[in-house]
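Undergrad: Read off the chains here:
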Amino acid sequence: MSDAVSTQATRSKGLKQAFQRFPFLPALVILIVLLVLNGYFQPRSVSLIGLTGLTKTYLALMLLAVAQTYVVYAGDIDLSVGAIVSLVNVVIVVLMEKWGGSGLSVVAAMLVGLAAGLVCGLINGFVVAALRLQAIVATFATSIFFTGAALWVLPVAGTPAPAAFWRTYGARFFDIPFVFYAVVVLALLLYALARLRLTTQLLAVGDDAQGAYQSGLPVTLIRMKGYALCGVFAALAAFCITGDTASGDPLVGGKMTLYSVAAVVLGGSALSGGYGTVVGSVFGALIIGLINSLVYFVGTPSEWQNLVQGLAILIALMAGILVGRRAQ
Amino acid sequence: MSKLAVSGVSKTYGATVALSHGDLTLEEGEVHVLIGSNGSGKSTLCKIVAGSVRPDAGEMFIDGKPVAVSGPQAGRALGIGIFYQELSLAAGRTVEENICLPDMPVKAGLFVDHAKMSARAARYIALFDGVTGAGFSADATVGSLRADQRQLVEIMKTLATEAPILIFDEPTSALDRAQVDRFFEILNRLKGEGRAMVFISHRMDEIFALGDRVTVIRDGRTVDTSRIAETDAATVIRLMVGEQGELAPPAAPGEAHSDGDVALQAAGLTSRGFSNISFALRKGEILGLGGLHGQGQSTLLRALFGAHPVASGQVLLGGRQISTAAPADAIRQGFAYVSGDRRRDGVITERPILENVTPIHYLREKLFFARPGALKEKAMPAVDSMKTKFAGFSHSINSLSGGNQQKIVIARWLIDRPDVLLLDDPTKGIDLAAKADLFALIRKLAAEGMAIMLYSSEDAELLGNADRILVFNGGRVTRELTGDDRTRFNLYQAAYEAA
Chain A
5 MSDAVSTQAT
15 RSKGLKQAFQ
25 RFPFLPALVI
35 LIVLLVLNGY
45 FQPRSVSLIG
55 LTGLTKTYLA
65 LMLLAVAQTY
75 VVYAGDIDLS
85 VGAIVSLVNV
95 VIVVLMEKWG
105 GSGLSVVAAM
115 LVGLAAGLVC
125 GLINGFVVAA
135 LRLQAIVATF
145 ATSIFFTGAA
155 LWVLPVAGTP
165 APAAFWRTYG
175 ARFFDIPFVF
185 YAVVVLALLL
195 YALARLRLTT
205 QLLAVGDDAQ
215 GAYQSGLPVT
225 LIRMKGYALC
235 GVFAALAAFC
245 ITGDTASGDP
255 LVGGKMTLYS
265 VAAVVLGGSA
275 LSGGYGTVVG
285 SVFGALIIGL
295 INSLVYFVGT
305 PSEWQNLVQG
315 LAILIALMAG
325 ILVGRRAQ
Chain B
32 MSKLAVSGVS
42 KTYGATVALS
52 HGDLTLEEGE
62 VHVLIGSNGS
72 GKSTLCKIVA
82 GSVRPDAGEM
92 FIDGKPVAVS
102 GPQAGRALGI
112 GIFYQELSLA
122 AGRTVEENIC
132 LPDMPVKAGL
142 FVDHAKMSAR
152 AARYIALFDG
162 VTGAGFSADA
172 TVGSLRADQR
182 QLVEIMKTLA
192 TEAPILIFDE
202 PTSALDRAQV
212 DRFFEILNRL
222 KGEGRAMVFI
232 SHRMDEIFAL
242 GDRVTVIRDG
252 RTVDTSRIAE
262 TDAATVIRLM
272 VGEQGELAPP
282 AAPGEAHSDG
292 DVALQAAGLT
302 SRGFSNISFA
312 LRKGEILGLG
322 GLHGQGQSTL
332 LRALFGAHPV
342 ASGQVLLGGR
352 QISTAAPADA
362 IRQGFAYVSG
372 DRRRDGVITE
382 RPILENVTPI
392 HYLREKLFFA
402 RPGALKEKAM
412 PAVDSMKTKF
422 AGFSHSINSL
432 SGGNQQKIVI
442 ARWLIDRPDV
452 LLLDDPTKGI
462 DLAAKADLFA
472 LIRKLAAEGM
482 AIMLYSSEDA
492 ELLGNADRIL
502 VFNGGRVTRE
512 LTGDDRTRFN
522 LYQAAYEAA
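Protein chains in written order, with the numbering used here: chain A, 5 to 332; chain B, 32 to 530.
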């Protein structure tokens with residue numbers, strides 16, 4: 005009897021520790037449930053082709069959620085990530101066209117795009133961490149500024165991306181779609197980045213900024229680095245959007261901003277900072293993707309789709325909290 | 032030559048003088064004790080030395096060379112390690128990450144070297160082998176630890192700096208006996224290695240067991256430094272009290288209230304933060320809660336007000352047993368609560384004064400609609416009794432000084448008279464004139480028959496206004512001071528005695 009009680013106690017303690025260490029576990033559970041539901045209503049959606057399409061469409065959001073996570077770690081937020089995506093999208097499309105669309109020009113344009121993302125991130129980091137403006141308002145302002153820059157680079161949507169670019173994004177190598185290679189590279193990258201000293205420092209700042217400062221951490225510099233990393237990942241997200249839509253659009257990323265925040269929260273990270281994982285945010289982005297496709301597969305009439313989508317995201321959020329709380 | 036010499040440092044925040052004149056010398060191989068009452072400036076002095084507070088004036092020398100500590104990073108570079116009283120830990124990180132946080136070992140300049148980090152943390156965790164308690168491990172998150180275990184992590188983090196100068200600002204307040212003994216063994220060894228250490232504690236026995244010299248700090252001034260061997264506890268307490276305190280007559284009122292009816296009675300109240308508290312409060316009486324910061328006084332007042340859960344015990348209001356699950360219950364039963372933390376508990380910022388005077392009236396009268404004119408008529412006498420200076424009810428509360436804001440907050444309780452007024456350090460950050468007005472009003476309310484409980488972090492306020500003082504220590508009432516016993520000396524002695 006007492007044995008049974010103690011094994012149960014240790015088991016619940018082990019579970020609690022697992023949730024402590026892997027805050028994304030509730031998101032993983034929801035993700036699996038959604039995959040099963042998708043497969044039930046539309047068996048083809050969990051085939052190789054179906055999953056390729058899902059990844060192709062939502063890889064950009066996954067990367068953007070990762071970008072958002074790094075600033076959320078430190079208790080900050082970046083409402084300009086979508087605008088950065090738009091800006092990088094039009095910059096690379098315009099440059100590729102200008103430079104002739106050859107393989108080399110594509111690579112060169114992408115390097116410029118990465119630099120553009122980095123600069124945007126540094127600007128955000130400067131206004132938020134160095135000038136100490138409120139992150140939520142300051143990055144809202146820079147988002148308008150970045151959108152303005154994007155409209156200056158390309159006033160109207162429509163310039164096509166060169167075939168070399170989007171064909172690669174949709175291609176298969178050795179019978180495996182390109183996007184899956186991209187996912188593997190992303191996983192390795194996230195694995196490495198999780199071991200960065202910067203990651204620990206960002207989380208420490210998000211946990212208790214005063215404590216981190218008193219411990220002798222360069223808090224301002226750490227927060228700026230977080231925004232810089234966010235800018236770079238937003239640029240990577242822009243590459244995926246460009247590969248998926250095959251054209252330049254100065255407003256393409258705008259509506260993704262709050263989806264990226266939602267993905268971070270769905271993934272189990274705390275918006276107040278100090279707690280979370282990038283893996284969770286990737287799962288969060290996939291949850292949003294799967295909800296969208298599920299709403300479609302169950303045959304929701306088009307005029308009801310937004311309503312059902314919104315409800316489903318709310319339910320996923322609540323489920324995540326319930327699963328997490330039960331474990332604690 | 033002294034390892035560290037600080038002379039004439041001061042720090043002012045707005046109108047509050049945190050430290051008016053701090054002198055300190057620190058030799059290699061000594062433990063230098065800093066002692067002083069609540070808010071006397073000990074922590075400020077430590078933070079100035081460590082660089083996390085920048086002084087307004089003063090000089091600092093290390094090994095005889097003048098230094099300017101521009102921030103905590105610079106302080107560490109100069110060889111100063113500090114244990115912060117409020118701790119500087121990241122709750123979501125593991126024990127080993129926290130220990131190594133200020134100086135993470137890295138591979139390739141970018142990545143955390145986990146093996147090195149674990150090895151380094153393990154050295155400091157091993158120092159406390161056997162006394163860390165259940166659930167403590169290198170990879171446990173700090174947020175999952177108990178208060179004493181967290182304090183140990185902060186100690187380990189401080190030791191891991193391997194700095195020649197170590198400052199410990201109340202490192203033992205949550206530790207148990209075995210942990211303290213182990214910690215003192217370590218400090219004695221470090222002393223042998225020639226480290227220079229500052230140690231703050233409010234436990235007299237610890238100070239005499241460990242210290243080499245003691246510096247007494249009073250009202251923001253370092254007043255005396257002497258060798259521990261050449262002094263005793265009574266002398267130290269006398270220095271903390273100061274001469275004016277010894278000569279000052281005990282509190283003004285002092286009338287016997289034994290004839291008044293009992294308004295509020297508590298029996299065996301226990302909760303997280305205090306245990307087994309019993310008292311009887313009579314109508315017209317001001318009952319003071321004394322002792323060091325955070326010994327359960329505020330928590331008790333919040334618990335009576337329904338803002339902190341009570342585990343066991345009884346509360347009788349006017350002879351009737353009551354339970355208050357939420358402040359709204361307590362207010363309807365006749366409790367009022369005024370806290371010194373105006374931003375959290377009092378003022379509705381940016382809103383007009385009228386809205387700040389009337390919320391309790393709305394609640395108690397269950398008002399849904401109200402005419403501003405009628406409200407003003409009700410509010411006027413309450414505000415008048417406080418001698419509040421303001422331009423008009425429609426002005427924002429932010430246009431008032433801190434003292435006048437607090438008067439408005441108190442006035443909101445006076446429209447409908449409460450039976451019991453709970454004052455939780457009500458004069459924090461208020462200028463002297465406003466304080467005098469406040470206490471004149473509080474005494475008037477008591478004379479009119481209101482039962483009042485007063486916690487104040489300023490001992491002079493307690494001694495000058497309370498009819499009786501319950502001295503708190505470690506969440507328990509260790510002594511009750513009445514009549515002529517209400518002296519600073521007795522108050523300090525009771526507060527600083529080992530719990």
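Hints in this document: simulated from the structure, not taken from any laboratory.
The reader is advised that the hints may include incorrect statements.
[Said to hold, decoys possible] Derived Cβ-Cβ restraints for the label pairs, each shown as a range: (1) B:301 to A:308: 33 to 43 Å; (2) B:447 to A:258: 49 to 59 Å; (3) B:399 to A:198: 51 to 61 Å; (4) B:380 to A:136: 15 to 25 Å; (5) A:138 to B:399: 32 to 42 Å; (6) B:399 to A:44: 49 to 59 Å.
[To be verified] Derived contacts from chain A toward chain B, CB cut-off under 7 Å, selection only: (7) 219; (8) 248; (9) 250.
Here a beta-carbon is modelled for each residue, glycine too, at the ideal position from N, C-alpha and C.
Undergrad: None of the hints should be skipped; say for each whether it holds.
TA: Here's how the hints hold up against the structure:
For the pair residue 301 (chain B) and residue 308 (chain A), the beta carbons lie near 55 Å from each other, so the given range of 33 to 43 Å is not met. In this structure, residue 447 (chain B) and residue 258 (chain A) meet the distance hint of 49 to 59 Å, their C-beta atoms being roughly 53 Å apart. The hinted window of 51 to 61 Å between residue 399 (chain B) and residue 198 (chain A) holds, with their beta carbons roughly 54 Å apart. The given range of 15 to 25 Å is respected by residue 380 (chain B) and residue 136 (chain A), whose C-beta atoms sit roughly 20 Å from each other.
At roughly 36 Å, the beta-carbon separation of residue 138 (chain A) and residue 399 (chain B) lies within the given 32 to 42 Å, and the hint holds. Look at residue 399 (chain B) against residue 44 (chain A): about 51 Å separates their beta carbons, and that is inside 49 to 59 Å. The restraint placing residue 219 (chain A) at the interface with chain B holds, with a minimum CB-CB distance near 5 Å, inside the 7 Å limit. Here the hint on residue 248 (chain A) is broken, as its CB sits about 31 Å from the closest CB of chain B, past 7 Å.
About 36 Å separates the beta-carbon of residue 250 (chain A) from the nearest beta-carbon of chain B, more than 7 Å, and the hint is not met.
The structure is inconsistent with the numbered hints 1, 8, 9, although it conforms to all the rest.
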